[in-house]
Amino acid sequence: GAVVSQHPSWVICKSGTSVKIECRSLDFQATTMFWYRQFPKQSLMLMATSNEGSKATYEQGVEKDKFLINHASLTLSTLTVTSAHPEDSSFYICSAPDPSRAADEQFFGPGTRLTVL
Amino acid sequence: AQKITQTQPGMFVQEKEAVTLDCTYDTSDQSYGLFWYKQPSSGEMIFLIYQGSYDEQNATEGRYSLNFQKARKSANLVISASQLGDSAMYFCAMRDPPRGYNKLIFGAGTRLAVHP
Chain U
1 GAVVSQHPSW
11 VICKSGTSVK
21 IECRSLDFQA
31 TTMFWYRQFP
41 KQSLMLMATS
51 NEGSKATYEQ
61 GVEKDKFLIN
71 HASLTLSTLT
81 VTSAHPEDSS
91 FYICSAPDPS
101 RAADEQFFGP
111 GTRLTVL
Chain Y
1 AQKITQTQPG
11 MFVQEKEAVT
21 LDCTYDTSDQ
31 SYGLFWYKQP
41 SSGEMIFLIY
51 QGSYDEQNAT
61 EGRYSLNFQK
71 ARKSANLVIS
81 ASQLGDSAMY
91 FCAMRDPPRG
101 YNKLIFGAGT
111 RLAVHP
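In the order they appear, the protein sequences are chains U and Y. Position 66, counted from 1, in the first sequence is what the working numbering calls 66; the numbers after and before it change by one each time, with no gaps. Position 82, counted from 1, in the second sequence is what the working numbering calls 82; the numbers after and before it change by one each time, with no gaps.
It is possible that part of the hints are untrue.
Claimed, not checked - Computed cross-link-like contacts, SDA-like style, restricted to lysine to any residue with a CA-CA straight-line distance of at most 25 angstroms:
id : chain 1 : residue 1 : chain 2 : residue 2
1  : Y       : Lys70     : U       : Glu105
2  : Y       : Lys3      : U       : Glu105
3  : U       : Lys41     : Y       : Tyr64
4  : U       : Lys41     : Y       : Gly52
5  : U       : Lys41     : Y       : Asn76
6  : U       : Lys41     : Y       : Asp22
7  : U       : Lys41     : Y       : Ala108
8  : U       : Lys41     : Y       : Phe12
9  : Y       : Lys3      : U       : Lys14
10 : U       : Lys41     : Y       : Lys70
11 : Y       : Lys73     : U       : Glu52
12 : U       : Lys41     : Y       : Gln2
13 : U       : Lys41     : Y       : Ile46
14 : U       : Lys41     : Y       : Asn58
15 : U       : Lys64     : Y       : Asn102
16 : Y       : Lys3      : U       : Met45
17 : U       : Lys14     : Y       : Gly43
18 : U       : Lys64     : U       : Val11
19 : Y       : Lys73     : U       : Lys14
20 : Y       : Lys3      : U       : Glu63
Hints are computed from structural coordinates only; laboratory data are not their basis.
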């Protein structure tokens, strides 16, 4: 199946710093990617839709200035957590649909575990 | 608004037995898609099975089958011949058309433990 990678797989940072997470589609072009957040023992919550060549669409309650999304190419979307605080500690997962496939399957990255001290 | 409900926080099953994980959904749309994903402790989301709202046959993928009852708005996952490696979190999800064709909303998940 299609492959989506994320980097880094985990990151620990000090409060107040910014952290960038990359999401790449390795063998297909993704005009759209999705960013999810998952707290321990909870479900995935959609944060935003990343659109290649245009602004991201954020879900209600997600701070745009806090979570900056850039979809610079058809294979790369980045999520930057700005001025991170301990409450931003979470598991961040990206996904992308492969438009060449007939089914609606989305391919998920392996996730990035962020810990803010 | 679209909603996915998984009422079983945890399930136990003996190895080699079958298990059913429940999922009900709520939508006013006629066209929608239902998914099941497996999330092991490593965190990756593994696609298991998909059912389209217009599919007349229940979806099957190896040991996974989806018991789709449209009138009852349920899409239960059946895992046959459980294996120890099936122990994981399982999420039911629905494509959310009004907000974007490929957007998924997820249920709360069910943690499955397979005992030897």
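The hints, checked one at a time:
Annotation: proposed proximity of Lys70/Y to Glu105/U holds, straight-line Cα distance about 20 angstroms (limit 25 angstroms). Between Lys3/Y and Glu105/U the alpha-carbon distance is near 19 angstroms, which keeps this suggested pair within the 25 angstroms criterion. At roughly 24 angstroms between alpha-carbon atoms, Lys41/U and Tyr64/Y fall within 25 angstroms of each other, so this suggested pair holds. Distance restraint check for Lys41/U and Gly52/Y: the Cα-Cα separation of roughly 28 angstroms exceeds the 25 angstroms cut-off, and the hinted pair is therefore not satisfied.
The hinted pair formed by Lys41/U and Asn76/Y meets the criterion: a straight-line CA distance of about 21 angstroms does not exceed 25 angstroms. In summary, the hint linking Lys41/U to Asp22/Y is supported, as the alpha carbons are separated by about 18 angstroms, within the 25 angstroms threshold. Taking the CA atoms of Lys41/U and Ala108/Y, the gap is about 9 angstroms. The hint holds against a cut of 25 angstroms. Note on Lys41/U and Phe12/Y: the hinted pairing holds, with a Cα-Cα distance of about 17 angstroms set against a maximum of 25 angstroms.
Between the alpha carbons of Lys3/Y and Lys14/U the distance comes to roughly 37 angstroms, so the proposed pair goes past 25 angstroms and is violated. Annotation: proposed proximity of Lys41/U to Lys70/Y is violated, straight-line Cα distance about 29 angstroms (limit 25 angstroms). The hinted pair formed by Lys73/Y and Glu52/U fails the criterion: a straight-line CA distance of about 35 angstroms is larger than 25 angstroms. For a cut-off of 25 angstroms, the pair hint linking Lys41/U to Gln2/Y stands: about 22 angstroms separates their Cα positions.
Among the hinted pairs, Lys41/U with Ile46/Y is consistent with the structure: their alpha-carbon atoms are about 17 angstroms apart, no more than 25 angstroms. Distance hint between Lys41/U and Asn58/Y is unfulfilled; the C-alpha atoms sit about 30 angstroms from each other, more than 25 angstroms. The hinted pair formed by Lys64/U and Asn102/Y meets the criterion: a straight-line CA distance of about 21 angstroms does not exceed 25 angstroms. Taking the CA atoms of Lys3/Y and Met45/U, the gap is near 13 angstroms; set against the 25 angstroms cutoff, the hint holds.
Among the hinted pairs, Lys14/U with Gly43/Y is consistent with the structure: their alpha-carbon atoms are about 23 angstroms apart, no more than 25 angstroms. Taken as a hint, the Lys64/U and Val11/U pair is honoured in the structure, with Cα atoms around 21 angstroms apart against an allowance of 25 angstroms. Our distance criterion of 25 angstroms between C-alpha atoms is broken by Lys73/Y and Lys14/U, whose separation comes to about 46 angstroms. A distance of roughly 23 angstroms separates the Cα atoms of Lys3/Y and Glu63/U; the hinted pair therefore holds under the 25 angstroms criterion.
Violated hints for the displayed structure, listed by number in ascending order: 4, 9, 10, 11, 14 and 19.
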